[in-house]
Amino acid sequence: MYSADEAKATYVELKPYIDNPDISNESQIIPIIRSLGNVFICLGVGEYNKRFVYLLDFDVGCFLLDTKLDDFIQKLINA
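At the far end of the sequence shown sits residue 79, using this note's numbering, and the numbering has no gaps.
Everything labelled a hint here was simulated from the structure, so no lab data went into it.
Be aware that one or more of the hints could be misleading.
Said to hold, decoys possible - Mimicking PhoX-like on lysine-lysine, the simulated pairs with C-alpha atoms at most 25 angstroms apart in a straight line are:
| # | residue 1 | residue 2 |
| --- | --- | --- |
| 1 | Lys-15 | Lys-50 |
| 2 | Lys-50 | Lys-8 |
| 3 | Lys-8 | Lys-68 |
| 4 | Lys-15 | Lys-75 |
| 5 | Lys-68 | Lys-50 |
| 6 | Lys-50 | Lys-75 |
The task is simple: from the sequences and hints, build the whole structure.
Take a look at the structure:
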């Protein structure tokens with residue numbers, strides 16, 4: 001997880017990409033975890049995708065991992 005300052009810096013760095021309508025609509029997702037190769041786990045924050053979990057890879061695209069954050073976390077625990 002990020003500190004508040006790291007999260008803000010990451011958001012500012014990624015904002016031009018996240019605000020791309022091909023990826024999301026007006027920052028409807030925010031990055032919460034950065035992985036190797038600049039792959040990100042993101043959360044939906046829009047009216048219709050709140051708490052959705054996404055995988056964002058700028059080389060491949062943005063993929064929905066789960067529609068509920070709690071379910072996603074439980075799947076990680078059970079894996």
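Do the hints match the structure? See the list:
no.	hint	result
1	Lys-15 to Lys-50	18 angstroms, holds
2	Lys-50 to Lys-8	19 angstroms, holds
3	Lys-8 to Lys-68	24 angstroms, holds
4	Lys-15 to Lys-75	29 angstroms, violated
5	Lys-68 to Lys-50	8 angstroms, holds
6	Lys-50 to Lys-75	19 angstroms, holds
This entry does not satisfy hint 4, going by the numbered hints stated previously; all others are met.
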